[in-house]
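First to last, the protein sequences are chains A and B. The first sequence begins at 1 in the numbering used here and counts up one residue at a time. The second sequence begins at 1 in the numbering used here and counts up one residue at a time.
I should point out that these hints are in silico values taken from the structure, not numbers from a laboratory. If you're wondering where the values come from, they're calculated on a predicted model, not measured in any experiment. Where is the CB? At the ideal position from N, CA and C, for every residue including glycine. Hints are not guaranteed to be accurate.
[Claimed, not checked] To list a few chain A residues with every Cβ distance to chain B over 12 Å, as calculated: (1) PRO26; (2) ASN34; (3) ILE35; (4) PRO93; (5) GLN221; (6) LEU287.
[To be verified] Here chain A is said to cover these stretches of chain B; the calculated rule only asks that three of the stretch's residues, wherever they fall, bring their Cβ under 8 Å from a Cβ of chain A: (7) 147-156; (8) 319-328; (9) 369-375; (10) 478-487.
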Amino acid sequence: MEGQNLAQAYRLFECIQCGRCTGGCPMSLKTRFNIRRLIYEALVDEDMDLQSKEVLWDCSTCATCTLRCPKGLDPTDMVIGMRSILVDGGRIPPTIRDALKSLAIRGNPLTMAREERADWAEGLGVKEISEGAEVLYFVGCSPSYDPRVQKVAKAMVQAFKKAEVEFGILGNEEVCCGSEARRMGETGLFEMLRELNLETLERYPVELVVTTSPHCYNAFQNEYQGLDLKVQHYTQFVAGLIDEENLPLSKEVRRIVTYQDPCFLGKQNKIFEEPRKILRSIPGLELRELDRSRERSLCCEGGGGRMWAEGTNPEERLAHTRVQEAMDLGAEVLATACPFCLLTLEDAAKTVAGEGGIQVMDIMELVVEAL
Amino acid sequence: MGLRIGVYVCHCGVNIAATVDVEAVTRFALGLPSVAIARDYTYMCSDPGQALIKEDIKEFGLTKVVVASCSPMMHEPTFRGTIQEAGLNPYCLEMANIREQCSWVHEEEEEATRKAIQLVAAAVDKAFLLEPLEERRVAVTSAALVIGGGIAGMQAALDIANAGFQVYLVEKEPRLGGHLAQLDKTFPTLEPVAPLLAEEIREVEGHPNIDLLTSAEVIGLEGYIGNFKVNVTDQATIRELKVGTIVVATGYDLFDARLKPEYGYGIYEKVITGLEFERLVSLSGSRKFWVNGKEPQDVLFIQCVGSRDKSVGQEYCSRICCMYTAKQALLVKEMLPQARVTVLYMDVRAYGKGFEEFYDQVRGEGVLYRRGNPSEIYKNGKRLIVRVEDTLLGEPVQLEADLVVLATGITPRRDSPKIANLLKLPRSPDGFFMEAHPKLRPVDTVTEGIYLAGCCQGPKDIPDTVTQAKAAAASAMIPLCQGQVKVEVVTSIIDEELCSGCGICAEMCVYDALSLHERKGVMTINEVLCKGCGACAAACPSKAIKLSHFTPAQILAQVDALV
């Protein structure tokens, strides 16, 4: 019955088996994950056995399949639905299970303590939003806890202060946006986190929420029904600051930089121009475009819970391909605007280029170099 | 002779009779004042049913007839004809819709019967007040306008001109030929286009009955079937043309492949559209086929670019791409027998005469068809990489190519909203101009006297375009042959005593039928333009406008009977 239910729920009968989903899928480059075939199996096999489909955890929910589908179907959502079935049946990789458990107990997937969420901001003079501010900076889990990504959060604070932005953070009140929980198939947990965030956000009269991560931005923008607040990814906000001449970028940054479009920013939310605008505004910086960019950008494999699951082919990594492409371009810096991209690409750069090779940086880190 | 009404209650097989007690309705009708006869019958619209009415008109000396059956949209013209044949004025008919508005939408027999009785009572009360109306005709200007000088427009113009009528052919571009002029050979016969087109253009240009206006544009339209006044820019001047009918043959635009950025069109010079391929191959002559000074070894064709694709708002099939791709693939194979020529498709639609045979021939010549619609093109060094799942293998593959040809589809012209507005043509959801009826009136439009030909109505290949052009020409000639046309009898009537000339009615009228009489200071109605919709009558603050056949007295009588 599983197949039939899925077919109804995700309108699979409308599929014409053209293959654009699998043809564009970054995972199909390296694993047996074939989304067109999954759709077909759900249609023809009433007793489709999802339990044996380990490949379901390969998907990074980059949504290329959804964007390319000529019939307006949402195969990404179908994968999430299939994962929900696995989660309900308790058949999940242990690392995913731990991340979900941590999300439920601690409000972050990184098994870190709730009360340490705002530790990164200590000594930076960052206001709590309860003290009142126009802009809420929603930091996110990785930028709060991961030492590498904390640098991005700190860069953000430095730039906001330079631009005299009236902003505050939720501090230890902040919990995960739930984007990854939903994509790992834990819909209930996502809904709970959404409730929590909506309740918190209702309490503070802010005008704008700015996120570090495209994943939080996407969740707020597209999956938080009932959120009546303007939300921006930081690249939009900072591009605006530069436009209005509120953020003077005066120092030269003499580097050759290329840019990785994060899937949740570019493909999924069509934010292509703002990150490039910021990079072009930095004096001395030379921006070189990767051949596969914008709508054709290659996923780093960091989304959809893949930070906590290696997938069925951990040997080949798309992030390695990406770093190699950036090096072939002669880039000294591979810039991005997403905590997951930053982590996966930096990991790859260490392997591919070694220490002292190509650097992986967040756009915000380049911005503060120019301050 | 006094008022004598006949009431006819139709069973419509079981459509009405299964839900409504038709006999009870008939008995009720018989009891109404002035009703001389009431009958029920299985199919009132059938020949025996109509004969029944005609006999009664004679026998009982009926002066008005009420038919209780289906929607007047369906059979009002039928029954008007019936009573006219028996000597009554056709407007002495009133219909009670007891099918769509009663039996089809109710289940309870008692309630449905009660409603049918009320509808019949209302119709009879209106019939009391019906007045005979006289049909009118106006003379037709014996000339036609054809808009667009592609193959559709040229063919329509030639047909009308050959029948002996004056034709004005207006083309926006400096030259005739439209998209056809950009093609190299036709499918499935591989006939070179140039001589074919040259012959057609020669005929048009030399025709004594065709007044050809190139680099010209229609900028204004007034009037109605039989008597259109069209303003056309001609060089620096504006010409006013007087025509009886109009054929619209404005053609199409090619889908903009940049809207599918995943294919890298506009980024990679070796990714080209089907139309660009035509130019490339006609420049190559019959021997050499070079891309950037080299013979390509791997040529890939991608089907359905901007067709059958909701993600770019192009839901329909463009109908020509399967076959032009087959043709182009064959041309490459003929010029470069050693090259690997692959067509990436999701379905092959070879529905036309000789198409399947041609598709067989193309594959027989060594063109490889692989099932899978590509998702992405990028570069590896200098070569193009096409990412596609071979859906029959169930394997994603990366194919290298020296040339990729996108089978770009057909879209409505970007200026079609402007043309639609000018000519008052509705468009179907796909954006093309809409025919009056998809089956029975495929070249007519809802604006009488205006007809459609070619791709402005929807994607078509050359034979279908020519067929439709000939059909539109034939339709456009009917009023020209007749010399006069009937005009709507049910029109608005202005009471000049009450009218203050405020002009609110003119704003409401979508047919431009109302204007201010300068001297009298009141509104006047052009009864030929008026379609009897009643918008002006409802809007008039002075109640100075009445709609004949739907007068306030007639409608209030109906309402009184219902409430």
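Going through the hints against the structure:
1. For PRO26 (chain A), the shortest C-beta to C-beta distance to chain B comes to about 10 Å, within the 12 Å cut-off, and the non-interface label is violated.
2. Against chain B, the non-interface label of ASN34 (chain A) is violated: not every CB pair exceeds 12 Å, the least being about 6 Å.
3. Against chain B, the non-interface label of ILE35 (chain A) is violated: not every CB pair exceeds 12 Å, the least being about 9 Å.
4. Against chain B, the non-interface label of PRO93 (chain A) holds: every CB pair exceeds 12 Å, the least being about 24 Å.
5. For GLN221 (chain A), the shortest C-beta to C-beta distance to chain B comes to about 20 Å, beyond the 12 Å cut-off, and the non-interface label holds.
6. A cut-off of 12 Å between C-beta atoms confirms that LEU287 (chain A) is not in contact with chain B; the least separation is 16 Å.
7. Coverage of a stretch by a chain is defined here by at least three residues with a beta carbon nearer than 8 Å to that chain's beta carbons; for the segment 147-156 of chain B and chain A the count is 0, and the condition is violated.
8. Coverage of the segment 319-328 of chain B by chain A is violated. Counting CB-CB distances below 8 Å, 0 residues qualify, and the rule asks for three or more.
9. A count of 5 residues in the segment 369-375 of chain B with a Cβ less than 8 Å from any Cβ of chain A is obtained; the coverage claim is therefore met, three being the minimum.
10. Under the rule that three or more residues need a Cβ within less than 8 Å of chain A, the assignment of the segment 478-487 of chain B is violated, with 0 such residues.
Checked against the numbered hints above, the structure violates hints 1, 2, 3, 7, 8 and 10; every other hint is satisfied.
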